[in-house]
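**Q** Construct the complete structure from the given sequences, taking the supplied hints into account.
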Amino acid sequence: MQSNKRPIVILVADDDAEDRMLVKDALDESRLTNQVQFVENGEELLDYLHNRNSYADKEKYPTPGLILLDLNMPKKDGREALKEIKSDEHLRVIPVVVLTTSKAEEDILKTYDLGVSSFIAKPVTFGALVDVMKTLSKYWFEIVELPKP
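With UniProt numbering applied, the sequence shown corresponds to residues 1 to 149, in that order.
Hints may be right or wrong, so weigh each one.
[Claimed, not checked] If you anchor each label on the Cβ, the simulated ranges turn out as follows: (1) 113 / 89: 16 to 24 Å; (2) 128 / 87: 32 to 40 Å; (3) 59 / 128: 33 to 41 Å; (4) 60 / 147: 16 to 24 Å; (5) 18 / 54: 21 to 29 Å; (6) 126 / 89: 32 to 40 Å; (7) 109 / 144: 21 to 29 Å; (8) 124 / 52: 33 to 41 Å; (9) 56 / 127: 34 to 42 Å; (10) 139 / 53: 15 to 23 Å.
[Unchecked claim] No more than 20 Å apart at the CA atoms, straight line, and that leaves these computed lysine to any residue pairs for SDA-like: (11) 83 / 40; (12) 58 / 36; (13) 76 / 91; (14) 76 / 60; (15) 134 / 144; (16) 148 / 35; (17) 110 / 80; (18) 60 / 47; (19) 110 / 87; (20) 83 / 32; (21) 110 / 124; (22) 83 / 107; (23) 76 / 119; (24) 122 / 102; (25) 122 / 32; (26) 58 / 74.
Simulated from the structure, these hints should not be mistaken for laboratory data. No residue lacks a Cβ here, since even glycine has one placed at the ideal position from N, Cα and C.
**A** Put into structure tokens, the structure is as follows:
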């Protein structure tokens, strides 16, 4: 079990406002106390990760310890953003979990090829989403050792 209880920021990249709200509610329901930040597309995700434009304040927008990434977003989709993240020597250590409605085998293969840590199809019910968030938080914040940001 992870002994250091430093706060790990979760960064959720999802263009759907309802999905963002459901993920936040599911994280709250699973009693996760980590700070959660949200971005709405791949461009915002990369701006956040590089602390540029409206995400320049490093204290307000700290480096995340985990990214939950939707694949189908406007401007720059999750696949493109993932490719950039995993090709950047400073960002590639951040675990990225794809959380998407896609169940396409091509998406699963491509994202693992690009270096995603896990691929999860978004559950249909809120209860199932809460269960996924509980499992994710237990795994990523209690079991595995994450690199310091």
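**Q** Are any of the numbered hints broken by this structure? If so, which, sorted upward?
**A** 10, 14, 20, 21 and 26
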